[in-house]
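Q: Each chain, written out:
4 protein chains.
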Amino acid sequence: MHLKRRIPVAILGATGSVGQKFVSLLAEHPWFHVVALTASERSAGKVYGQTVRWVQESPLPGDLAQMVLQPSTPPLDVRLVFSALDAGVAGDIETHFAQEGYVVVSNARNHRMEPDVPLLVPEVNPDHLALVGRQPYGHGAIITNPNCSTIGLVLPLKPLHERFGLKQIHVVTMQAVSGAGLPGLSSMEISDNVIPYIHGEEAKMESESKKILGTLKGGQVELADFDISAQCNRVHVLDGHTECVSIALHESVTDQQILEAWSAFEPEPQGRLLPSAPKSAIEYFDEPMHPQPRLHRNLGAGMTVSVGRLRPCPVLDWKFVVLSHNTVRGAAGGSILAAELATARGLLDRSDGGSA
Amino acid sequence: MHLKRRIPVAILGATGSVGQKFVSLLAEHPWFHVVALTASERSAGKVYGQTVRWVQESPLPGDLAQMVLQPSTPPLDVRLVFSALDAGVAGDIETHFAQEGYVVVSNARNHRMEPDVPLLVPEVNPDHLALVGRQPYGHGAIITNPNCSTIGLVLPLKPLHERFGLKQIHVVTMQAVSGAGLPGLSSMEISDNVIPYIHGEEAKMESESKKILGTLKGGQVELADFDISAQCNRVHVLDGHTECVSIALHESVTDQQILEAWSAFEPEPQGRLLPSAPKSAIEYFDEPMHPQPRLHRNLGAGMTVSVGRLRPCPVLDWKFVVLSHNTVRGAAGGSILAAELATARGLLDRSDGGSA
Amino acid sequence: MHLKRRIPVAILGATGSVGQKFVSLLAEHPWFHVVALTASERSAGKVYGQTVRWVQESPLPGDLAQMVLQPSTPPLDVRLVFSALDAGVAGDIETHFAQEGYVVVSNARNHRMEPDVPLLVPEVNPDHLALVGRQPYGHGAIITNPNCSTIGLVLPLKPLHERFGLKQIHVVTMQAVSGAGLPGLSSMEISDNVIPYIHGEEAKMESESKKILGTLKGGQVELADFDISAQCNRVHVLDGHTECVSIALHESVTDQQILEAWSAFEPEPQGRLLPSAPKSAIEYFDEPMHPQPRLHRNLGAGMTVSVGRLRPCPVLDWKFVVLSHNTVRGAAGGSILAAELATARGLLDRSDGGSA
Amino acid sequence: MHLKRRIPVAILGATGSVGQKFVSLLAEHPWFHVVALTASERSAGKVYGQTVRWVQESPLPGDLAQMVLQPSTPPLDVRLVFSALDAGVAGDIETHFAQEGYVVVSNARNHRMEPDVPLLVPEVNPDHLALVGRQPYGHGAIITNPNCSTIGLVLPLKPLHERFGLKQIHVVTMQAVSGAGLPGLSSMEISDNVIPYIHGEEAKMESESKKILGTLKGGQVELADFDISAQCNRVHVLDGHTECVSIALHESVTDQQILEAWSAFEPEPQGRLLPSAPKSAIEYFDEPMHPQPRLHRNLGAGMTVSVGRLRPCPVLDWKFVVLSHNTVRGAAGGSILAAELATARGLLDRSDGGSA
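As given, the protein sequences belong to chains A, W, P and Y, one line each in that order. Just so we're aligned, residue 1 is where the first sequence starts under this note's numbering, counting upward by one. Just so we're aligned, residue 1 is where the second sequence starts under this note's numbering, counting upward by one. Just so we're aligned, residue 1 is where the third sequence starts under this note's numbering, counting upward by one. Just so we're aligned, residue 1 is where the fourth sequence starts under this note's numbering, counting upward by one.
Honestly, the hints are just simulated from the structure, not real lab data. Please note that a few of the clues may not be correct.
Here are some of the chain W residues that sit facing chain A, going by a computed Cβ distance under 10 Å [unchecked claim]:
#	residue
1	Asp77
2	Val78
3	Ser229
4	Ala230
5	Gly240
Result set (DSSO-like, lysine-lysine): computed pairs, CA atoms no more than 30 Å apart in a straight line [stated by the list, open to error]:
#	chain 1	residue 1	chain 2	residue 2
6	P	Lys167	Y	Lys279
7	W	Lys279	W	Lys210
8	A	Lys167	W	Lys279
9	W	Lys210	A	Lys167
10	Y	Lys167	P	Lys210
11	Y	Lys210	Y	Lys279
12	A	Lys279	A	Lys210
13	Y	Lys4	Y	Lys217
14	Y	Lys210	Y	Lys167
15	A	Lys210	W	Lys210
16	W	Lys210	W	Lys4
17	P	Lys210	P	Lys279
18	Y	Lys167	Y	Lys217
19	P	Lys167	Y	Lys167
The model shown is predicted, which means the values in this text are computed figures rather than measured ones. C-beta: ideal position from N, C-alpha, C; glycine also.
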């Protein structure tokens, strides 16, 4: 898809950790052009570069550093807004923008489980985008991105569920500190340590997975009916969530069938050559020491999910390891890919002038 | 038990990570007195303090620093030897010492799964010590300590297995770097990283647990018959293995029954007031953020196993988190406690002069 | 000195990082007995154990965990208060307590440079305690503790200044994250990183050193007249500040003379056997890899300052490395030692009813 | 400069840490094409990808992964060899290659201080390349790269020395673990720690700086005559050496004059648009928290040296902070830039067939 000119977009909550990642990733995006950054009342009116506590490894782009922060309320001179808002405020603000006709692509958890809101992983459930047709927002819409740990899980599960049927899923996560936002974890809490608890995370992984891998029927998502158990831990890693997954399937299969299911996976974003779609959504490693956060989190510019160590599980059927970049694939990058899919499917056209 | 004078002991392989921990823990032991340290041919004859790459947080005790390293072969002027040897050489050397009449308490894996060798966790299977009666070593004996990650697992499982019967166990570990020995992991490998593989570790956890929780019948250990699946990871923690455990039981029980099983657990080492037995072998935490390696690994001088986050598992029955100090409880400290139990049960007397 | 009964004390600002360290260190103090903990208005009235974000490696003492937090204002049922307050509020609160007749021993920076306030390192300038006689507080008093990085520096400098006269001092620090308080540095800021700036720290080191090593004359401190240049960095260490020091002396001396000056150093707290005085205030290491934070910060229960690598400096005269525990010797422990000195010198008697 | 076809090159010692970095950086180099990788006898004959313990963040390039390792001896089918050999063997092997007519660009320390060997930092002393004319190797040559910590220092010193004359230099380094090679430092040695000693490093910084900033006169380098004192520390950072520098100058200057000297610095590699020359060799930051390893080490693809915090020094004249990427600018990248300069100046032509 070639656009005549780039689409202007805004980032809500641009000073936080996810907001910064949106800024980084959109700085040179071929379709989207950042024209507005917002922040809380306290910071609105200040210059972005002087307000943000920048912790990204790439330098803050100069033109965006100069931008004056706006409050997180309509109107903004765009049709598409990315929301990196805190859950404490995201719900109402996003609803407000949608009501005013904006297309909101959100990384916040607030609207994720609402029946008419797509909880979108573009490679996994692109058809769920149709749910926006049931939203009460006219030309506006809300599209959400799952929790960072859920995304890494559902991608390799999708082709297995489709072919063999998932019966049971057991997942233990080792999550990076960047997932906790800014300031997030104090260095004194996580250095030389593991924290075996992340508030609300296990419930999110368990419920979101069932929606994402659920089936769209009659305009509604019927939740997947597998059992799923999540245990979530914070470890001393900057970026990249590692997950130890065990599964039981409805069919008896070989490891070769599972590997074949992964390698044959050809999702819509790759077919459409969306700008943020990695060449491979899933990459499998034979080397038993792989994948590792530091070596593989940036594969596919952070959008590829790495998988390794497939082997039989003496309790369920199979077990394997998953790694995904939590602030790229699991947050800002995932939202951008969702917006690309929505754009490619014409969702923005629909609302251009209201006559679609 | 009061000893008239301390028992002289030797440490085989005193320069490595586990060897150093033996040195630290035995420096002021009320029963045992270190009179010999051994090392490889290459280091024998050198002064310990000038040879060891000391990485313990407590300073190297002055008198031991002056000791000249001996080769790892009999004779040594002791009856009891602790083995911190590498698995590459431990097997033959330990057999040799046992044949010459020494009581060897070993942290190496070589003899662990032999049918006549106790794989001892003193709180869990003290009766297995009787296996030494079947060994072909006369007054000599070999007693082994399980793998560091196994010990933390079997302690809280013991009272549950005894009362309710374990059917299935699923465990994912997050293991400290000190478990990899010295030099072990390069800083470049584990900083900002997780390594989702530890060579041989998963098989060891699965097989050793069945032996330790097995039943002594007719002088032999009948392996426990539960299913067990282990996934082992290395994380950036200096000391302390954290484990996410899910279990299915033969009986349907409440969380209160499980907590009661743990709090009522009264093992033999605590009853005998062995010097290295912590007041509580198992300590349960209500706070959901606990246990954590940095906060709890040193509980009970590193010998208490901390447990937390008991809650239902949607796939198996219950899940919880376990933390134990891998080089104390999981290695040197565990061996010392085993030696204390053996001493208290008279195993050293048996071989004093041979007339016992 | 033997006390008939322990002296009741309070800790102002008990929930922060330094406050927690006071709680840890005073939990089993032979002279002092904590009977009150205070916090900000927001936390007053809450139970300490449920309010504090405890990050100490030793568990929170049970009886103090149950204590109800009081607001940081008089009256408190004690004579001696330790202040771990933030500099933002410490100044006025401490003055208020002193005016009401309390003896305040403070770790905050607010009053440090006032001419009538002792900036006390008990081994270095115990005579400066006499300054309290000039304070306008009647039986009340304010005694302060220097900045954490200053304390490690002035201890080994003291005997050199006394014997040979310091002309120039150049110091570069590598400071632990615990010095930044709680939450302090985000894990994302300091992991895999160095931050070459600590707000206000260099000026504090430069000015405080001149006061501490200054001379009490006519009831006033005459500042030391050396030149001093400090560069302060934050590194990824939990506890323990390392400092690279270069000095020029007024006299030409040998390394042996310097080592002799350190080993012959016999300060008042050690002479009085104060409970928190380490056996050696300064310990020198010959091994060139030493001292190191993880190996030596806990020497002398965290109160010994470790020194190593004395060698000629091609630019000034001599250079060496210093290590001290920043939250023990450099904060709470240093304050407690100061309070012990004040107690031993009868400062608390003076104010007991006024009839002393 | 446009080449008709890429120049074939070899990497000696390709499995180590610096060797891996050469592999990464040369994988897509516009001028050079890697056709041979060498290793020790023990590894020669093995496939590179199966032998190397790869720790780079970018994946190992596929074609190089397949390459069979050759022994580190002539002949190799190239004219230009990069040496990442250990100092233990580098000296003789490099001499041997030079004698056989190869141009050796080495990162090893062995030949650095020899009078006829250029110790090259292409922005600082490109004229020193002429020293090869005095070497006894015919068409062969040895060019060396300074120690990783020296390079970061001499770059910002160069324009100051040129304009104002350096009288005294005092530098304290905080060096990354990647500088220690592989396996290098054990995670247990450096996590939560600082090691205040790096064997031989201080002497190297002191002597190499005088050679690099020395003057080529009559075909020889006259050493610079400033005093220099270095203190070298290892900190827990993966890549990027930070240095706290204080200097005294022969002239009295303002901070503006120093900043102007840095911003006006226009060295030869940038003028020639060498492929590895960063746009700015030196970049100055006004923000007092900058530069930091994690934020700035990759500036200019790791070839820019970042500088910040210029301010008066109460002991010498001025002080500032320097950061440079130790394995890129300070090792492999620096060697490649040196080879590019040598190529651009025709050094390879000279030896092509001997008729030059």
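Q: Each hint should be assessed against the structure and marked as holding or not.
A: Here is how each hint holds up against the structure:
1. A cut of 10 Å between beta carbons decides the hint on aspartate 77 (chain W): the least distance to chain A is about 40 Å, and the hint is violated.
2. This hint is violated: valine 78 (chain W) has a C-beta 36 Å from the nearest C-beta of chain A, more than the 10 Å allowed.
3. Checking serine 229 (chain W) against chain A by beta carbon gives a least distance of about 4 Å; that is within 10 Å, so the hint holds.
4. At about 9 Å, the closest approach between the beta carbon of alanine 230 (chain W) and any beta carbon in chain A falls short of 10 Å, and the interface hint on this residue holds.
5. Taken as an interface hint, glycine 240 (chain W) checks out: its beta carbon lies about 8 Å from the nearest beta carbon of chain A, inside 10 Å.
6. A hinted pair counts as satisfied when its Cα atoms are at most 30 Å apart, and lysine 167 (chain P) with lysine 279 (chain Y) does not qualify at roughly 43 Å.
7. For the proposed pair lysine 279 (chain W) and lysine 210 (chain W), the alpha carbon gap of about 26 Å is at most 30 Å, so the pair holds.
8. A C-alpha spacing of about 43 Å is found between lysine 167 (chain A) and lysine 279 (chain W), which places the hinted pair above 30 Å, so the restraint is violated.
9. A C-alpha spacing of about 27 Å is found between lysine 210 (chain W) and lysine 167 (chain A), which places the hinted pair at or below 30 Å, so the restraint holds.
10. Between the alpha carbons of lysine 167 (chain Y) and lysine 210 (chain P) the distance comes to roughly 27 Å, so the proposed pair stays at or under 30 Å and holds.
11. Taking the CA atoms of lysine 210 (chain Y) and lysine 279 (chain Y), the gap is about 26 Å. The hint holds against a cut of 30 Å.
12. As the CA atoms of lysine 279 (chain A) and lysine 210 (chain A) are separated by approximately 26 Å, the hinted pair is consistent with the 30 Å bound.
13. Proximity of lysine 4 (chain Y) to lysine 217 (chain Y) is assessed by CA-CA distance (about 36 Å); at most 30 Å being required, the pair is judged violated.
14. Annotation: proposed proximity of lysine 210 (chain Y) to lysine 167 (chain Y) holds, straight-line Cα distance about 12 Å (limit 30 Å).
15. This hinted pair does not check out: lysine 210 (chain A) and lysine 210 (chain W) have alpha carbons roughly 35 Å apart, beyond 30 Å.
16. Annotation: proposed proximity of lysine 210 (chain W) to lysine 4 (chain W) is violated, straight-line Cα distance about 39 Å (limit 30 Å).
17. Restraint check for lysine 210 (chain P) and lysine 279 (chain P): the C-alpha separation of about 26 Å stays at or below 30 Å, so the hint holds.
18. In summary, the hint linking lysine 167 (chain Y) to lysine 217 (chain Y) is supported, as the alpha carbons are separated by about 20 Å, within the 30 Å threshold.
19. The suggested pairing of lysine 167 (chain P) with lysine 167 (chain Y) holds, with an alpha-carbon distance near 19 Å, which does not exceed 30 Å.
Checked against the numbered hints above, the structure breaks hints 1, 2, 6, 8, 13, 15 and 16 and satisfies the rest.
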